[in-house]
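Student: Every letter in the sequence shown is one number past the one before it in UniProt numbering, and letter 32, counting from 1, is 32.
Keep in mind that the hints were calculated from the coordinates and are not lab data. Just so we're clear, the structure is a prediction, and the values are computed from it rather than from any experiment. Be a bit skeptical, because a hint or two may be false.
Using 25 Å as the maximum straight-line C-alpha spacing, the simulated DMTMM-like pairs for lysine to aspartate or glutamate come out as follows [to be verified]:
#	residue 1	residue 2
1	Lys-69	Glu-141
2	Lys-49	Glu-94
3	Lys-61	Asp-8
4	Lys-143	Asp-109
5	Lys-62	Glu-77
6	Lys-69	Glu-25
7	Lys-69	Asp-8
8	Lys-61	Glu-20
9	Lys-115	Glu-25
10	Lys-84	Glu-141
11	Lys-115	Glu-141
12	Lys-61	Glu-25
13	Lys-115	Glu-77
14	Lys-66	Glu-77
15	Lys-137	Asp-109
16	Lys-84	Glu-94
17	Lys-151	Glu-140
18	Lys-61	Glu-122
Label-pair distances were calculated between CB atoms; the ranges are [said to hold, decoys possible]:
#	residue 1	residue 2	range
19	Thr-72	Glu-122	50 to 60 Å
20	Ile-88	Gly-114	20 to 30 Å
21	Asn-70	Trp-34	44 to 54 Å
22	Thr-51	Glu-140	33 to 43 Å
Just so it is clear, CB atoms sit at the ideal spot from N, CA and C, and this is done for glycine as well.
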Amino acid sequence: MEPSKALDTLPPPVLHPAIEPPPIEFSYAAPGWWLLLLLIIGLVYLIIKTTIHYLQQNAYKKQALKTIKNITSTSPEPYLTVLKNTAIQAYGREQVAGLYGKTWIDFLDRSINGKQSIASIEHFFGNELYTETATVKNTEELKNYVIFWIKHHAARLA
Numbered sequence: 001m002e003p004s005k006a007l008d009t010l011p012p013p014v015l016h017p018a019i020e021p022p023p024i025e026f027s028y029a030a031p032g033w034w035l036l037l038l039l040i041i042g043l044v045y046l047i048i049k050t051t052i053h054y055l056q057q058n059a060y061k062k063q064a065l066k067t068i069k070n071i072t073s074t075s076p077e078p079y080l081t082v083l084k085n086t087a088i089q090a091y092g093r094e095q096v097a098g099l100y101g102k103t104w105i106d107f108l109d110r111s112i113n114g115k116q117s118i119a120s121i122e123h124f125f126g127n128e129l130y131t132e133t134a135t136v137k138n139t140e141e142l143k144n145y146v147i148f149w150i151k152h153h154a155a156r157l158a
């Protein structure tokens, strides 16, 4: 008889059931769950704190945009006042209050990284402000520039 045929004729071995350890009990008291809970609470706290900080930092922008929306005058003065006040709130009185003329225009342009040209409304920042040459179209351009500046100015200048 061949060895492979001899193995086929043997009765199968009797296997006893495998010995299993007792099941591990599930419990939330394990330290890993407490660590995960602390991590989740920390993340939620961080998200809430960051959101509140962001909203507080940008509240002056919302207020300025609301003020512009309520302006009914066709004169450029109210828009320029809102622009100056917003710049003071964003950058501080020491840096902004003394700016006028070309330095004021350069500051505005620098604070939005030249994203929008100020050339079309530049005449509002000089002596022409006090003349009667302001038209509704020009004032509308000024309004659009002020809104753009409020929405896009850099938080702080380097």
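Student: Give a verdict on every hint.
Tutor: Hints versus structure:
1. Lys-69 to Glu-141: The given pair, whose Cα atoms are some 14 Å apart, holds under the 25 Å limit.
2. Lys-49 to Glu-94: Distance of about 29 Å is beyond 25 Å: violated.
3. Lys-61 to Asp-8: 88 Å, violated
4. Lys-143 to Asp-109: 16 Å, holds
5. Lys-62 to Glu-77: 20 Å, holds
6. Lys-69 to Glu-25: Between Lys-69 and Glu-25 the Cα gap is close to 64 Å, so the pair fails against 25 Å, i.e. violated.
7. Lys-69 to Asp-8: Status violated; Cα separation ~95 Å.
8. Lys-61 to Glu-20: Status violated; Cα separation ~67 Å.
9. Lys-115 to Glu-25: Since the Cα atoms of Lys-115 and Glu-25 sit roughly 63 Å apart, the hinted pair is violated (cutoff 25 Å).
10. Lys-84 to Glu-141: Roughly 17 Å between the alpha carbons, so the hint for Lys-84 and Glu-141 holds.
11. Lys-115 to Glu-141: Since the Cα atoms of Lys-115 and Glu-141 sit roughly 15 Å apart, the hinted pair holds (cutoff 25 Å).
12. Lys-61 to Glu-25: Distance ~56 Å between Lys-61 and Glu-25 Cα, so the pair is violated.
13. Lys-115 to Glu-77: 23 Å, holds
14. Lys-66 to Glu-77: 16 Å, holds
15. Lys-137 to Asp-109: Cα-Cα ~21 Å, so holds.
16. Lys-84 to Glu-94: 13 Å, holds
17. Lys-151 to Glu-140: Since the Cα atoms of Lys-151 and Glu-140 sit roughly 17 Å apart, the hinted pair holds (cutoff 25 Å).
18. Lys-61 to Glu-122: 22 Å, holds
19. Thr-72 to Glu-122: 50 to 60 Å: 25 Å, violated
20. Ile-88 to Gly-114: 20 to 30 Å: Hint holds: Cβ distance 22 Å, inside 20 to 30 Å.
21. Asn-70 to Trp-34: 44 to 54 Å: 53 Å, holds
22. Thr-51 to Glu-140: 33 to 43 Å: 35 Å, holds
Of the numbered hints given earlier, the model fails hints 2, 3, 6, 7, 8, 9, 12, 19; all others are met.
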